[in-house]
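Q: Could you build all of it, start to finish, from the sequences and the hints given here?
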Amino acid sequence: MPDAPFPPDSRSRSLWVSGLLLVAVGLWCAVAVAGAPSDATQGVVQKILYVHVPCAFAAYLGFATTAVCSALYLWKPQERFDRVAASGAEVGVLFCTLNILSGPIWAKATWGHWWAWDPRLTVTLMLWFIYLAYLLLRSFTEGSERTARFAAVYGLLGFLAVPLNYLAIDLFGGAAMHPDNLERDSLGAGMGLPFLASVVTGIAAFVYLLLLRVDLGARKLDAAARELGV
Amino acid sequence: MSTLLAILWKDLTIELRSRERVLAMGVFSLLVVVVFHFSLPGGATSATRDTAPGLLWIAYVFAALLGLGRSFSLELENDALSGIAMAPAEQGWVFLGKAAANWVILGVVQALTALVFGLVFQLDLAPVALPLAGVVALGSLGLCAVGTLASAVAARTRLREVILPVLLLPVLWPVLRGAVRATSELLATGEVPFEAIQFLIVTDGVYLIVSFLVFEYVLDE
Chain B
872 MPDAPFPPDS RSRSLWVSGL LLVAVGLWCA VAVAGAPSDA TQGVVQKILY VHVPCAFAAY
932 LGFATTAVCS ALYLWKPQER FDRVAASGAE VGVLFCTLNI LSGPIWAKAT WGHWWAWDPR
992 LTVTLMLWFI YLAYLLLRSF TEGSERTARF AAVYGLLGFL AVPLNYLAID LFGGAAMHPD
1052 NLERDSLGAG MGLPFLASVV TGIAAFVYLL LLRVDLGARK LDAAARELGV
Chain E
41 MSTLLAILWK DLTIELRSRE RVLAMGVFSL LVVVVFHFSL PGGATSATRD TAPGLLWIAY
101 VFAALLGLGR SFSLELENDA LSGIAMAPAE QGWVFLGKAA ANWVILGVVQ ALTALVFGLV
161 FQLDLAPVAL PLAGVVALGS LGLCAVGTLA SAVAARTRLR EVILPVLLLP VLWPVLRGAV
221 RATSELLATG EVPFEAIQFL IVTDGVYLIV SFLVFEYVLD E
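So the protein sequences, as listed, match chains B and E. Quick note on numbering: the first sequence equals residues 872 to 1101 in our numbering. Quick note on numbering: the second sequence equals residues 41 to 261 in our numbering.
There may be inaccurate statements among the hints.
As the list claims (entries may be wrong) - Interface residues of chain E toward chain B, partial, derived using beta-carbon atoms under 7 Å:
id, residue
1, V193
2, T197
3, R198
4, L199
5, I203
6, V206
7, L207
8, P210
9, V254
10, Y257
11, V258
These are computed hints drawn from the structure, not numbers from a lab. Built from N, CA and C at the ideal position, the CB exists for glycine as well.
A: In structure tokens form, the structure reads like this:
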């Protein structure tokens, strides 16, 4: 019998708890963002911030999950580490896609064009390609053990782009159109709490989707084991 | 260290006898340079000369993709890769040997390509030949470090010719950025671009160390 990360009861309990938590913080976020002041120069379009940035943080979390579980898999090759690593990459790519899609809507309204080769935009796009490549690698490799091992190596290598992305403004400054990182007080008055609510919601959505994907992986494995009569 | 030298000697001996990689990469990169010239409006104008460093590096990357793809696929013949995997040697040194061989082979192709590139785009590369060789060598080091690792992974997958560029190009971004910037500054000012070179050295170092450490996991019997 393959090792499961959690027993089925514990899995469905975790899903319920994280689902309820997501609904709760989602409602808090909706109220907070609706009441948040609009930016004086950008107007209401600036509220994309409350989707765009949390999606970036959730994507970072997904890729960090992949990197940590990849390292764990290389250290102790257990199927559960690979399953969580693959789930982290899938959910990370989803949030990274949302981040890349929401950015141009904001950019068109504020910068006047859909896309600019700003350092952070460029590195985010590369990050998206890296984890798409990670998912392609998984589908092109035969044998579950080899797939897990190769994916773990690439998942670790790809994660090097995450700190590069966060530090892109400082490292490649110059023509950067994105504002500095958050510790530089780039948020306007009254936007702090709605922003916090949106980040918490983004993290809750990430946790829920990750657990859902890990559970799906476990169910697939159980079904395959039953089919083989193991 | 002896493993590194043994693998380097083996790969270079195979290449010296067959000359298949250098020939294929060389002809391909020359073709790329000529195609660039035909496809750019007006051929070698001052505007296209401004983009020359980027075009040169695209030609290098295309050539490298051909050579890197062959680097491990040739080890699949007679299952030589299993022999390397089972050899009583530190696998990281095998990686360094393969990467060094790729670096030397790519270097030969790059020198030839730069020569033709200068002629086609009417660039006088002679005054900056030595520092340019240093910049290209540094850029290629990062390219070969991460490329050799990606090639080892791709060799054992389905559609390996397709997956190699998909795996390599996104992680190559910092190396390409540093190399193109260093080449641009060098060609524009004639001075050694220390900031871009520092960035390249750090990137090369990180990729070499990470690839050295994880290489044992991509070799299997």
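Q: All the hints need checking, so say for each whether the structure fits it.
A: Going through the hints against the structure:
{"no.": "1", "hint": "V193", "in the structure": "holds (5 Å)"}
{"no.": "2", "hint": "T197", "in the structure": "holds (4 Å)"}
{"no.": "3", "hint": "R198", "in the structure": "holds (5 Å)"}
{"no.": "4", "hint": "L199", "in the structure": "holds (6 Å)"}
{"no.": "5", "hint": "I203", "in the structure": "holds (5 Å)"}
{"no.": "6", "hint": "V206", "in the structure": "holds (5 Å)"}
{"no.": "7", "hint": "L207", "in the structure": "holds (5 Å)"}
{"no.": "8", "hint": "P210", "in the structure": "holds (4 Å)"}
{"no.": "9", "hint": "V254", "in the structure": "holds (5 Å)"}
{"no.": "10", "hint": "Y257", "in the structure": "holds (5 Å)"}
{"no.": "11", "hint": "V258", "in the structure": "holds (6 Å)"}
No hint from the list above goes unmet by this structure.
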